[in-house]
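K.L.:
All chains should be modelled from the sequences, with the hints used to inform the complete structure.
Number of protein chains: 2
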Amino acid sequence: MSGLHIFPVTGVGPIGPGDDLANIFLAALAAQGDELLENDVVTVTSKIVAKAEGRVVDFDGTEQHKDQLIDQESRRTLRRRGSLRIVETHHGFVCANAGIDLSNTNDGTAVLLPTDPDRSARRFRGDIERATGRNIAVLITDTFGRVWREGVTDVAIGVAGLTPVLDLRGTPDANGRILEATEVAIVDEIAGAADLVLGKSTGLPFAVFRGLRPEFFGSGSVRENLLRRASNDLFR
Amino acid sequence: MSGLHIFPVTGVGPIGPGDDLANIFLAALAAQGDELLENDVVTVTSKIVAKAEGRVVDFDGTEQHKDQLIDQESRRTLRRRGSLRIVETHHGFVCANAGIDLSNTNDGTAVLLPTDPDRSARRFRGDIERATGRNIAVLITDTFGRVWREGVTDVAIGVAGLTPVLDLRGTPDANGRILEATEVAIVDEIAGAADLVLGKSTGLPFAVFRGLRPEFFGSGSVRENLLRRASNDLFR
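Here the protein sequences line up with chains H and F, keeping their order.
Under this note's numbering, think of the first position of the first sequence as 32, with each following residue one higher.
Under this note's numbering, think of the first position of the second sequence as 32, with each following residue one higher.
Heads up, a few of these hints could be off.
Claimed, not checked - Between beta-carbon pairs, the in silico distance windows are:
| hint | chain 1 | residue 1 | chain 2 | residue 2 | range |
| --- | --- | --- | --- | --- | --- |
| 1 | H | 94 | F | 265 | 13 to 23 Å |
| 2 | H | 103 | F | 64 | 53 to 63 Å |
| 3 | F | 99 | H | 260 | 30 to 40 Å |
Hints in this document: simulated from the structure, not taken from any laboratory.
Bear in mind the structure is a predicted one, so any value in this text is a computation, not a measurement.
Built from N, CA and C at the ideal position, the CB exists for glycine as well.
P.N.:
Shown next, in the form of structure tokens:
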């Protein structure tokens, strides 16, 4: 029984500004009796990356303040309905409310997206690789809605060590035919799969993937390879 | 090391009209030395479901014939650029070229989407459950593009035995705060995860998931629970 194995890392406490996520991850992994193997992939939720990077701001819970934060984090509003705004962030993500986590109003704070999630992924990967001597890859994930379908899914907002979009154009399929237009956003499929073992109400920020196919490993960034340019987009 | 395990089922040959997919699946699973356990989830690609259901039509490879097939399979064209058409199918899926697989022009055929993928999922599930005595769930998957992001991902087009959208609204998060608006499209996350072990060029149509959380199991359909009504949609 080969295949892919995905498991969560438990026992991670609250994260604050300046925390060393790689150390925290490795300590929690060891505490549950696991260790990283060569070509494992580690996913990290954007929320704890943002918290470690100090991307937490005061938030008074009002609609006015919310609009102000969204304005600050975005370069363009695409649609607005009631208190929902679909915007394009400075990174180029199209998402609701600029990806700001506004659910912590009890604390009087809001959590922004990391400033440069691809860089965050590269840093976390470098820290882990230096500490363990293993080659691994890293994804930073967040939860976005979709246009045509109900419900949210987790997607990749930063990557290091994986090919964000696997280009199968020109490769023969199982019947020897050439596949026409198949570029697969494997990092988004991985991000969604991570959510299956983490869940949203558990507070688990890390998952480990073991057994992803060798052709997934490579280089590239979410910003360069995964975000559709407005000029290529039929709905913006 | 708990978590989720996903594995492909190999050794499945070409599928034709009238083939019994449940028997074919179970024979291939047994041939690789595996068997289904209680609460496993089986994913099936829409292409072999369509082939088994006889949803294969002649296709002469011309743009005119392509347009005619897309017209026949859709109720509305949302956008058109060059030879790409984004349409709403009769099921309500918004996708390119009505989800028709036009890549088999060597054969002079095209493969349509199953007529009612939720029904196909229920039938496959029933056949498997009767044959094995196990409670399982089933997803039919297909490959769709996204509006804002490059690359395709696999999504669910039919489901039986899972809650398509898991509603976490009103449940407390790890810090005891109430999650505001979190309805998770778990079946799309599962479909994408299946693609990670199947790939597009391998011709593998079946994956098995073991270890999905108990709260994922339930009822509902893709058509009723996952497709966004045009009236709820900010971009149609």
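K.L.:
That 30 to 40 Å hint for residue 99 of chain F and residue 260 of chain H (C-beta), does it hold up?
P.N.:
holds, 32 Å
K.L.:
Given the hint of 53 to 63 Å, is the C-beta distance from residue 103 of chain H to residue 64 of chain F inside that range or not?
P.N.:
holds, 57 Å
K.L.:
Within 13 to 23 Å: is that where the Cβ-Cβ distance between residue 94 of chain H and residue 265 of chain F falls?
P.N.:
At roughly 19 Å between Cβ atoms, residue 265 of chain F and residue 94 of chain H fall inside 13 to 23 Å, so the hint holds.
Checked against the numbered hints given earlier, the structure satisfies every one of them.
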